[in-house]
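Enquirer: Just so you know, the sequences run in chain order A and B. Going by our numbering, the residue at position 33 of the first sequence is 398; the numbering climbs one at a time, nothing skipped. Going by our numbering, the residue at position 59 of the second sequence is 152; the numbering climbs one at a time, nothing skipped.
None of these hints come from the bench; they were simulated from the model. Mixed in with the good hints there might be a few duds.
Below, in silico cross-link-like pairs of lysine-lysine (DSSO-like), each with a Cα-Cα straight-line distance of 27 Å or less [stated by the list, open to error]:
id	chain 1	residue 1	chain 2	residue 2
1	B	Lys126	B	Lys198
2	B	Lys150	B	Lys198
3	B	Lys204	A	Lys388
4	B	Lys198	B	Lys131
5	B	Lys204	B	Lys126
6	A	Lys491	A	Lys548
7	B	Lys126	A	Lys485
8	B	Lys126	A	Lys491
9	A	Lys575	A	Lys549
10	A	Lys547	A	Lys603
11	B	Lys131	B	Lys150
12	B	Lys202	A	Lys388
13	B	Lys198	A	Lys388
14	A	Lys485	B	Lys131
15	B	Lys150	B	Lys202
16	A	Lys491	B	Lys131
17	A	Lys547	A	Lys575
18	A	Lys485	B	Lys202
19	A	Lys549	A	Lys491
20	B	Lys202	B	Lys126
21	A	Lys548	A	Lys575
22	B	Lys131	B	Lys204
23	A	Lys575	A	Lys603
24	A	Lys485	B	Lys204
25	B	Lys150	B	Lys126
26	A	Lys491	A	Lys547
27	B	Lys131	B	Lys202
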Amino acid sequence: MAESVVVDHVSKHFTMLNARTLKQRVVRARQGGFRNPTFLAVDDASFTIDQGEAVGLMGLNGSGKSTLLKLISGVLRPDRGTVLTRGRIAGLIEVSAGFHPQLSGRENIYLNGAILGMEKDEVDQKFDQIVDFADLERFLDTPVGRYSSGMFARLGFAVAASVDSDIFIIDEVLAVGDPPFKKKCLQRISQVRDEGRTIVFVSHNTTQVKRLCERALVLEGGRLGFDGPVADAVHYLKYDEDDDEDAEGGEI
Amino acid sequence: MTTAVGDHPLGPLRPPGDTTGLFGVFRRRYLLKLLVQKELRVRYQASLLGLAWSYMKPLVRFSMYYFVIGLLLGLRDSVPLFALHIFTAMIMTSFFTETLNAGTKSVVKNKSLVRKMNVPREMFPVASTAVTTYHMIPQFTIVIAACLLVGWSPDRTAFIAGALGISIMLTISLAVALAFSALNVTFRDIGNFVETIGMMVMWSAPQLYPWDFVVRIIGGTWLEQVYLANPVAMATLLNQRAFWTPAIPPGEATEIMPLMPEHLLTRGFIMLGCCLLLVGVAQLIFSRLEGNFAERL
Chain A
366 MAESVVVDHV
376 SKHFTMLNAR
386 TLKQRVVRAR
396 QGGFRNPTFL
406 AVDDASFTID
416 QGEAVGLMGL
426 NGSGKSTLLK
436 LISGVLRPDR
446 GTVLTRGRIA
456 GLIEVSAGFH
466 PQLSGRENIY
476 LNGAILGMEK
486 DEVDQKFDQI
496 VDFADLERFL
506 DTPVGRYSSG
516 MFARLGFAVA
526 ASVDSDIFII
536 DEVLAVGDPP
546 FKKKCLQRIS
556 QVRDEGRTIV
566 FVSHNTTQVK
576 RLCERALVLE
586 GGRLGFDGPV
596 ADAVHYLKYD
606 EDDDEDAEGG
616 EI
Chain B
94 MTTAVGDHPL
104 GPLRPPGDTT
114 GLFGVFRRRY
124 LLKLLVQKEL
134 RVRYQASLLG
144 LAWSYMKPLV
154 RFSMYYFVIG
164 LLLGLRDSVP
174 LFALHIFTAM
184 IMTSFFTETL
194 NAGTKSVVKN
204 KSLVRKMNVP
214 REMFPVASTA
224 VTTYHMIPQF
234 TIVIAACLLV
244 GWSPDRTAFI
254 AGALGISIML
264 TISLAVALAF
274 SALNVTFRDI
284 GNFVETIGMM
294 VMWSAPQLYP
304 WDFVVRIIGG
314 TWLEQVYLAN
324 PVAMATLLNQ
334 RAFWTPAIPP
344 GEATEIMPLM
354 PEHLLTRGFI
364 MLGCCLLLVG
374 VAQLIFSRLE
384 GNFAERL
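One chain only, chain B, in its complex shape:
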């Protein structure tokens, strides 16, 4: 950039290449925007159903869950508003798995750019996280509509929990996308690992079972703490606290106790701090591996 720094009008001599990491991505928002648009266009242009795919897939999954877990295994009877319980959780877990999958591939997929052009490489995992975030908007619209339909009476905690849940999700997804996109360049078989994580995530958050099942089995033990140390589980609980619990009719809530872990918000804030720290760690991993990207791809 031709900004006047030092005594020379073109600034000082410095190493070429942007090594400012995520800050560099933020500085080049216009490029980020175009890359996100490109990704959205490319992803849906070729498929006949276009954007409808991003509704279809979760819809089918949701229906299967509801049918098998809700009806066949009978959870619908013991969990109030079980459909909303699943859906509020699914938004979070599928957001995570999608960023994990797309983020991991993001650098390798853009190898022609990485090998030949000088762009902050963090751009690619960030763009892929942004694309997934974009897809989250219609899902939240559906949740809010559903909540309003059944009678949603959110308190202040619900709003804080909602914001906190989304923030945790965004930060942990970004951290994971950053770290794995870089690792994927070094180890091409990291995909197997990523798949396994994706599967674990689906079961490790209170999505197909309510929180009180967890308390009943491992409540009070160290396993409960391990369970809550999972950012995806925490974000899921917070999202349910925002949408699901305030929508439960007062009479029904007493049947199932507790709905939420104790000190949920405090835990949430601590988790957000940890996730921000993880973004820093992921950036370190990325910066370390990035130097070899151009030659390894």
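Isolated chain A, as found in the complex:
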């Protein structure tokens, strides 16, 4: 199998206090020698994901999962090291990111689809499937600003899942939405996996990760702490000692 994602000694640090204005810059410079404190979000991570592999990305809040996912998707660029990917990447980093509240559901499907790299005819062709999946037929002409967070999540997921991507990334979006919808999403993700597409899946929910992935990466304070079978990763994280509740409820 060919590699799909290659992450090679990647580090990413964030500046904790940005001098946001010219004025602040000048003041800082006058004070002399003042360095912005930085924070290493991803620290020298290296791994390879083969094409068709489904990998769970686990770790506590603030361990760098989202940052790593953004590095893979190309939203962020590494400070050191290289990230290489093969093929088209699509996915869901945050459900509401590609939507505009004043536009209708219909318009947003096209806009979001285009943001994810689709052309008009491609969205046309998948439109019914998206609406059907999101179960929002009655609200297609309502501005999405009036949607509930569950409806948002459904629409976001439906559009992202409809893209013919080679790499599919999902960041904790399944935390929103009711159990039937979560189930539907997981089925869809399994389908994506069975089509031989690469999946990078961020979740705290060990059951979900176990169901979808064979391999898991565990991040600890930005470092790659564990890379191996999901069951061992769960053990490594000591998640198996607690009841597996859907603890990270997102914004609801």
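Knowing the structure of chain A, use the given hints to seat chain B on it.
Expert: Just chain B now, kept in the frame of chain A:
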């Protein structure tokens, strides 16, 4: 994109993220079109008067100029077709200030997209320039109608000048929108600077005064060259050469000389070249700063 390059059907491994800059924007025209439509919808949906605003604002400004400068200060008597003189200039200067203002804010305004989605970030300043361009269409319709009404007899130079003026305006606006949208992410107080530029532009082009006033005061000095090195002034002069001068009745033109600078077209072509170069420079600035957008927003 799933194009077959190299030995793997999905192409080679490469860094994620689109770093092809303006070319990437051009490749994703459909997204650009939707973003422009979105902007137009959003900008006017909320306001009661809708699109009428884009006519109202310039109309009011134009009336004020005409009243104060034309009537009270009496320029109407010394400049033939003074109303057309102002309007042909205003199209250009207001186009520039509008792209400057909207373009500067474009990346910050779309921060949720920039932070989470992988789109060529040049898309936003380009879209905002396109939105302003769209607004220019009705204004040009009015100018052409006005010209036809007073008797417009354009020569070949007029057409070349018109095309050249618009091209200069589009390129310099794009360059400015690109550069400032990126700088605005790094320095949030760049808006003060942008406002000042906007104000200077209004006075630095022959809009409220004719070119021969400039010649009378600074003609032949290096200041004249500085004045003409301003792309907005150059685009304004070219636009006036296209619409205003060919509309002046033959008898009236002699009272005010010269109407236009010497070698206007040559200067125009050189300016267009410079502006294209500036787009390149702006793209460099943008690319340099873009890497930090997602974390700075």
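Enquirer: Against each hint, give a clear statement of whether it holds in the structure.
Expert: Hint by hint, here is what the structure shows:
For the suggested pair lysine 126/B and lysine 198/B, the alpha carbons sit about 19 Å apart, so the restraint of at most 27 Å is met. At roughly 20 Å between alpha-carbon atoms, lysine 150/B and lysine 198/B fall within 27 Å of each other, so this suggested pair holds. With a C-alpha separation of about 22 Å, the suggested pairing of lysine 204/B with lysine 388/A holds against the 27 Å cut-off. This hinted pair checks out: lysine 198/B and lysine 131/B have alpha carbons roughly 16 Å apart, not beyond 27 Å.
In summary, the hint linking lysine 204/B to lysine 126/B is supported, as the alpha carbons are separated by about 19 Å, within the 27 Å threshold. Between lysine 491/A and lysine 548/A, the direct Cα distance comes to roughly 21 Å. Compliance with the 27 Å bound is thereby established for this hinted pair. Using a Cα cut-off of 27 Å, the hinted pair lysine 126/B and lysine 485/A holds, with the two alpha carbons roughly 11 Å apart. Our distance criterion of 27 Å between C-alpha atoms is met by lysine 126/B and lysine 491/A, whose separation comes to about 20 Å.
Pair hint lysine 575/A plus lysine 549/A holds up; C-alpha atoms about 16 Å apart against a cutoff of 27 Å. In summary, the hint linking lysine 547/A to lysine 603/A is supported, as the alpha carbons are separated by about 24 Å, within the 27 Å threshold. For the hint linking lysine 131/B to lysine 150/B, the alpha-carbon distance of about 22 Å falls within 27 Å, and the restraint holds. Straight-line distance between C-alpha atoms of lysine 202/B and lysine 388/A comes to about 22 Å, which keeps the hinted pair within the 27 Å bound.
A threshold of 27 Å between alpha carbons decides the hint, and for lysine 198/B with lysine 388/A the separation of about 19 Å falls inside it, so the pair holds. Among the hinted pairs, lysine 485/A with lysine 131/B is consistent with the structure: their alpha-carbon atoms are about 15 Å apart, no more than 27 Å. Taken as a hint, the lysine 150/B and lysine 202/B pair is honoured in the structure, with Cα atoms around 23 Å apart against an allowance of 27 Å. Among the hinted pairs, lysine 491/A with lysine 131/B is consistent with the structure: their alpha-carbon atoms are about 21 Å apart, no more than 27 Å.
Of the pairs offered as hints, the one joining lysine 547/A and lysine 575/A holds, with about 15 Å between alpha carbons and a cut-off of 27 Å not exceeded. A C-alpha spacing of about 25 Å is found between lysine 485/A and lysine 202/B, which places the hinted pair at or below 27 Å, so the restraint holds. Distance check on the hinted pair: lysine 549/A and lysine 491/A sit about 18 Å apart at the alpha-carbon level, within 27 Å; holds. Among the hinted pairs, lysine 202/B with lysine 126/B is consistent with the structure: their alpha-carbon atoms are about 18 Å apart, no more than 27 Å.
Only pairs whose Cα atoms come within 27 Å are accepted, and lysine 548/A paired with lysine 575/A is accepted, the gap being roughly 14 Å. Between lysine 131/B and lysine 204/B the alpha-carbon distance is near 15 Å, which keeps this suggested pair within the 27 Å criterion. Between lysine 575/A and lysine 603/A the CA atoms are separated by roughly 15 Å; this keeps the pair inside 27 Å, and the hint holds. Distance check on the hinted pair: lysine 485/A and lysine 204/B sit about 24 Å apart at the alpha-carbon level, within 27 Å; holds.
Simply put, lysine 150/B and lysine 126/B have alpha-carbon atoms about 25 Å apart, close enough for the 27 Å limit, and the pair holds. For the given pair, lysine 491/A sits about 21 Å from lysine 547/A by alpha-carbon distance, which is consistent with the 27 Å threshold. Between the alpha carbons of lysine 131/B and lysine 202/B the distance comes to roughly 13 Å, so the proposed pair stays at or under 27 Å and holds.
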